[in-house]
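Visitor: Take a look at the letters that make up each chain.
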Amino acid sequence: MRFIYWRVSVFIAAAVVPMYWLYQAWLFALGPDPGKVLVDRLGLGTLVLLLITLAMTPLQRTTGWPGWVAVRRQLGLWCFTYVSLHMLGYGFFILGFDWTQLGVELVKRPYIIVGASGFLALLALAVTSNRSSQRRLGVRWKKLHRLVYVILGLGLLHMLWIVRADLKEWAIYASIGVLLLVLRIPAIARRIKRSQTRSTPIATNR
Amino acid sequence: MLIKIPSTSDCKESDVTPESFYLSRRALLGGSLAGLAVSAMPGWAQAEEASRYAEVEAGAAPDWFKGKLPTTKWQAVTVKDETITPFKDATHYNNFYEFGTDKGDPAQNAGSLKTEPWSVVIDGEVAKPGRYALEDFMKPYQLEERIYRLRCVEAWSMVIPWLGFPISELLKQVEPTANAKYIRFETLQDPKTMPGQRSGFALIDWPYVEGLRLDEAMNPLAILAVGMYGRELPNQNGAPLRLVVPWKYGFKSVKSIVRISLTSEQPKTTWQSIAASEYGFYANVNPTVDHPRWTQAHERRLPSGLFSPNIRQTEMFNGYGEQVASLYAGLDLRKNY
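In order, the protein sequence lines correspond to chains A and B. All the letters of the first sequence, read from the start, carry residue numbers 2 to 207 under our numbering. All the letters of the second sequence, read from the start, carry residue numbers 29 to 365 under our numbering.
Source of the hints: derived by calculation from the structure; they are not laboratory data. One or more hints might be untrue.
[Claimed, not checked] Here are some of the chain A residues that sit facing chain B, going by a computed Cβ distance under 7 angstroms: (1) Ala-30; (2) Pro-35; (3) Gly-36; (4) Ala-117; (5) Ala-122; (6) Leu-124; (7) Ala-125; (8) Lys-169.
For glycine and all other residues, C-beta sits at the position ideal for the given N, C-alpha and C.
Using the sequences and the hints, build the whole thing.
Guide: Encoded structure:
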């Protein structure tokens, strides 16, 4: 396997973060409402991982280093892991596993509906992320995985509904998201490629 | 790696000091000889003496506040079968958007707030308007300790021992005119010391404004607080003067008040102006009326542990229905949320 150290470092970094949060929560270092803080951080972590995943292709295009794309699937799966933990935390800490209440929330609250559809879409991408699915689905695989752009929109909308008084943080994530989408517009993507072939690619392994 | 597992049977730091202990302490303080002895003690010993609750950080109380402590009516109102929230949590988990929107921001940033000197403007439909220095403003009132449940609109709650006085006593002093129907409160606006007010992305039109109907303000439960946990208010909790209305969601209890106006019209309050469909003027705690984004039927009583989330049913009027329900007789609380 190529880039084995790089892949393992990414794996450890993504795994250590939620473990550290859990440890902090355990010690009450996250304050008196650690469950809520964990749910919030996992949600934000999902969004950040989604943005990082989407940054891999443009990064590879600009730097020419294939290591970026080598960790793209792994990052996508981490994104799914975080969102699963986010949902689990929501069920346990916020709803107290009250299933009837979950039913009510799923029907009544737009931001829960938007969040839940984002989760389902991520689930679809996660289960079709293996090679055999890629082979089986052929051309349709690529189409299916374009869902990731929709997921980004759903995630940002979900967050927008939650911020109540100050849009600064949201605006930062949203503009990074928009930038990453703009870089995928064919005309712009081509231009990046051209400038990349002219300059010598620099392989940075951080 | 230090791993602490707090078991549910553990005594909480917040458990109130046994009554017999602090009563005897006060008897001691009452004696003039003891008073002399106390004044001869080094500063740290006095600070130790002054804390009625466990783990309370000593503040730097202004003289007018210290002067009121000996005549304070301790435990004038208490809550049954409730544990008082640890001081650390009540002072490090706050919504005070003037200092940032994260729960930890107020504790981190509110040090810049200058609470001395402080003045309060009384205006509008009153016989005696004016601007008062806080120590003069406070002169007529005896402090009472009120231990109240606090229910945030975000579905978490605490139990806090406040020190304050009923608003009805203030109204006696300022004499509302016949036109006065509402009371309006305004928080300090000072972008220099309040970083949240400097944010270009804030949806709040500063200063923060809240209000009550006059008969709500006259209810004996409604108080203006200047202290908590036996000391003056920490900055992040709304020093030096804040409102406390325990049967309403926490955002009604406006902090760091600089202006109190009696009005004939219902004041336009901050959260109502941002999202009228989510935050009403009344904002009474009501488990049967959901916030559009979440249920209000339950609440997380803090601290809520990681492995044993402390989730409980929310009570109508936060459990103060007996005292306040009559204020809303004939009012449709689904419409007037």
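Visitor: Take the hints in turn and mark each one as holding or not.
Guide: Each hint, compared with the structure:
1. Ala-30: violated, 10 angstroms
2. Pro-35: holds, 5 angstroms
3. Gly-36: The hint holds - A:Gly-36 has a Cβ within 7 angstroms of chain B, the shortest such distance being about 5 angstroms.
4. Ala-117: With a closest approach of 14 angstroms, the A:Ala-117 hint is violated.
5. Ala-122: violated, 21 angstroms
6. Leu-124: violated, 24 angstroms
7. Ala-125: violated, 26 angstroms
8. Lys-169: holds, 4 angstroms
Checked against the numbered hints above, the structure violates hints 1, 4, 5, 6 and 7; every other hint is satisfied.
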